[in-house]
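Turn these sequences into a full structure, and let the hints guide you.
Protein sequences, first through last, are from chains C and P.
Going by this note's numbering, the first residue of the first sequence is number 21, and it counts up by one from there.
Going by this note's numbering, the first residue of the second sequence is number 21, and it counts up by one from there.
There's no promise every hint is true.
Since copy identity is lost for identical chains, a pair holds within one copy or between any two.
[What the hints assert, rightly or not] Keeping only pairs whose Cα atoms sit at most 30 Å apart, straight-line, the calculated DSSO-like set for lysine-lysine is: (1) K77 to K65; (2) K67 to K48; (3) K65 to K30; (4) K30 to K77; (5) K67 to K30.
Quick caveat, the hints were computed from the structure, so don't treat them as lab data.
There are 2 protein chains.
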Amino acid sequence: MCEANAYISKDGQEELFLEAVDVVEPIKGDEYRLTSIFGEQKTVKGKITLMSLVDHKIIFEAAQG
Amino acid sequence: MCEANAYISKDGQEELFLEAVDVVEPIKGDEYRLTSIFGEQKTVKGKITLMSLVDHKIIFEAAQG
Numbered sequence: 021m022c023e024a025n026a027y028i029s030k031d032g033q034e035e036l037f038l039e040a041v042d043v044v045e046p047i048k049g050d051e052y053r054l055t056s057i058f059g060e061q062k063t064v065k066g067k068i069t070l071m072s073l074v075d076h077k078i079i080f081e082a083a084q085g
Numbered sequence: 021m022c023e024a025n026a027y028i029s030k031d032g033q034e035e036l037f038l039e040a041v042d043v044v045e046p047i048k049g050d051e052y053r054l055t056s057i058f059g060e061q062k063t064v065k066g067k068i069t070l071m072s073l074v075d076h077k078i079i080f081e082a083a084q085g
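Okay, here's the thing in structure tokens:
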């Protein structure tokens, strides 16, 4: 399968936010809904700073405040 | 490999923009640099409207103007 893990970068640290992400959809502004291959959904507020699909990695920078 | 194809949606049509995308990096604002697994780089101006990794699809909506 070709899912990726989503990480949130905060204060220079990358924290795993959701594993096995299939779908990334913007909701509004810098808010995205992530859906994993298991159907789990989580919402993240922040900007995408890097996606590397071959490395199975999506990195978000957390929105301030 | 877990790359995806990038499409640009314009006037309701999806046009293939770059095949086998590995890395997606924002440059500034709504501008992204895409790098394929073959090392080909292309820049796209627009918003990400949908990514479905299992379907190997990243869709951008072209910026107006």
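Inset, instruction - Report the numbers of all earlier hints that the structure fails to satisfy, in ascending order. - result: none
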